[in-house]
Amino acid sequence: MPPRTLSLLSGLALAALLPARGYELMVTDPAYGHINASAIDQPRLYAVLTDPLAGGAVKTWFNPDTAAREPVFIKAFVDTGASGIALSQLHASGLYDVASLALGPTDYLGAYTETGVAGTELGDVSRAFGVKVLSGPVDLVDYTVLSGYVAYGDFNLWVRRTVGIGEVLDYGALFGGESFIQADPINLVGMPVIRQRRLHLDAKPILDPLLAESGLGTYLLAPGAPEPATQLTIALRLQDFIGTTPPPGEILPSHAANPLVPGVTLTTSTGQSTGEWLLDTGAGSSFASFAAARACGLIPARFTTLAAFMATYTGPTADIGGVGGALKVPILTVPRLSVPTREGATVVWQNVAILVADIAGLDGVFGMNLLLPAATVDPANPLGSLFDLSPGIFRDVVIDTLDAADPVMRLGAPAADGTALAWLAARFTAAERLRPDRAGLLADPDSDGQPNLLEYALARDPLSADGPATNAGRLALVDGVYPTLTYTRSRGLTDVSYAVEVSADLTTWSHAPSDVVLVAQTTTANQETLTYRSAQPVAPGGRRFLRLVIAPAP
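Numbering (my numbering), first residue to last: 6 to 559.
No lab work stands behind these hints, which were simulated from the structure alone.
Since this is a predicted model, take the numbers as computed values, not measurements.
Do not take every clue at face value.
[What the hints assert, rightly or not] If you anchor each label on the Cβ, the simulated ranges turn out as follows:
(1) Thr-513 <-> Thr-275: 30 to 40 Å
(2) Ala-62 <-> Leu-174: 45 to 55 Å
(3) Leu-407 <-> Gly-38: 30 to 40 Å
(4) Thr-149 <-> Leu-114: 23 to 33 Å
(5) Asp-471 <-> Thr-149: 37 to 47 Å
(6) Pro-233 <-> Ala-62: 30 to 40 Å
(7) Gly-38 <-> Met-315: 24 to 34 Å
(8) Pro-305 <-> Arg-548: 55 to 65 Å
(9) Met-315 <-> Gln-244: 53 to 63 Å
The C-beta atom is built at its ideal place from N, Cα and C for all residues, glycine as well.
Please build the complete structure, drawing on both the sequences and the hints.
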C-alpha cells in the first residue's frame, strides 16, 4: 500500500486520503548513531539426546572427574538458519575430554554434503535419536535437572567429521605461555525443533550490555503460553533449501524449511537494492550478497566480483567461519537498511555495519546484530573494541513459524513506545495484527471512514464507529464571516504531525500562519481541542474551505 496523508475537509465535512510519506520507525539508538557488525550474544539452549534403541534412555558418558556415568549435556545454538540439527565431532567422539556420545560406525546411516557460510562440507547422517531441549538463559538454568527438558521427537542428525573452526583453542599459545587447550563444541538446534514452538528471545537483560548480569534469554514457548508485549510484526516466508532428493550416493538428515525476511532494502546515496534475507539467529553478523552490495552502491560498479573488490580493498574485514570452512570478507557500512511491517510501517536501521559474502545463493543474511547489542572488533585493539557496543534495539523477539502459510517475527522495540505502533498493539491481538486490513495503520476496521492512524492521532476508538473527526463552523467578526475547523487530538504525540490548511478552490492549499489562525484551545490531561479559522473572511459569493491534514512525522 502506498504511503498516505490523512486529511479532513471542514465545511463540506468530507474525508480524503492524499499521497504523502510513509510511517517509519528509526530503531538505531540516536545517541550512538550506528549498528556494529557482530552481536555480543546469540540464542543458546541445553539439549540431551535419547536413544530409541535403549528404550528412550538419555545418552550418558563416563565422567572421569566424578567417576560416574552422567547425561551428555549439549549446549547448542538455536539457529533458524540451520535446516537440521548439527552435532559437533567433539561430542560425537569425545575428543579433548568433551562429554562423549561415543557414536560408532553402526550409528551412522550415510553421508550428506551440507552447505554453509564458506562452502560445502561432507558430514555423516546418524540414525534417529530423540532430542530434548531445556528453555531458559543458559547461564542461569540448572541444566542438570532432566525433568525440565521437553521432547521434540526423533531426528537424523548431521554430524561433522572434523573439528570445526573455533571449537578448540590453545589459549596459552595465544598469549605466549604454556599450552592450555580449551574445547568448546559448536552444536546447532535448527528448524526441525524451532518449527514446533514459538521462539522467544528475551533481550531485556542485555539492553545495556555493560551492566548485564545475565545473557540473552532463549525460550521455546509452550502452546498457549503468553508472549511478551510487542509492537511490530514482520512477515516471513519459509523456504525448503534441502528438498526431498539427496545428492547421488548420499542420504538426507532430518530437516525443515528456513525463514526468509522479504523486502530487506539497502539504501545508499547512489542506489538501492531489495531482496529476501535468511533470518539466521545462528549468525552474529548480517551479510549482503555481492550483487546486492553492488546494486545499492556499497561496492562500485566497476568491480565484477568480490575477489576483485577485495584485491584493492583496505578497509575493515572480518574472518568468518562455520560449515564449509572460513572466509575473510569486507565490513561495509550501509546508511539505511529497512524492512516493511504488517502494520504498514517501515522499520529503519541507520548506519549498519554489514559483511559482504556470497552464501549459498542468498540475497543476504539477517543476523543478530540487527536485533541485539553488537561490537565491531578492531584487530589492532580486540579487547578495547569489545567495550564499544551499539546498544540494544529490541526488548523481545518472537519468531513464530507454527503456521507455515503465515510465519512472522514480532518485535518489542523501545523506539516504538508511545507511538501509533504501540497504540495498535494495545488495541489489537497478535492474531489481528497479522491482518493489515484490520490492524494496519491505514485500515478502517470499524468502517467509519477514519483509518487507524487518524483514530490514533485524534484519540478515537478504532473498533467503534465514530462521527466526523472535525467540526465545521463559522465565526462572525466585525470584518466578516470566517470558516472554522475544530478537532480534538491526543496530547504529546511525536510520531504524527497536524496541519490545518485553507483553500478557495479545493486544489491549492496553505497552512501558512498568514492563512490559518488558531483561535481557541482547551486542554485536559490527555487531550486537547483546537479551533482554527481562515485568516481571511469569505468574500461575498466566494468560498473558503478548511481541512485537517495528519501525516507521519518526518
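Results of checking the hints against the structure:
Distance hint check for Thr-513 and Thr-275: the Cβ-Cβ separation is about 35 Å, which falls inside the suggested range of 30 to 40 Å. In this structure the hint that Ala-62 and Leu-174 lie 45 to 55 Å apart at CB is violated, the actual value being about 33 Å. A beta carbon spacing of about 37 Å between Leu-407 and Gly-38 agrees with the range 30 to 40 Å that was offered as a hint. A C-beta distance of roughly 31 Å is found between Thr-149 and Leu-114, which places it inside the suggested range of 23 to 33 Å.
Taking 37 to 47 Å as the suggested C-beta distance range, the pair Asp-471 and Thr-149 does not conform, at roughly 58 Å. For Pro-233 paired with Ala-62, a C-beta distance near 36 Å keeps the hint of 30 to 40 Å intact. Judged by the Cβ atoms, the range 24 to 34 Å given for Gly-38 and Met-315 holds: they are separated by roughly 27 Å. Hint check: Pro-305 to Arg-548, Cβ distance near 56 Å, so the stated range 55 to 65 Å holds.
For the hinted restraint 53 to 63 Å between Met-315 and Gln-244, the CB-CB distance of approximately 29 Å leaves it violated.
Consistency with the previously given hints fails for numbers 2, 5, 9, ordered from lowest to highest.
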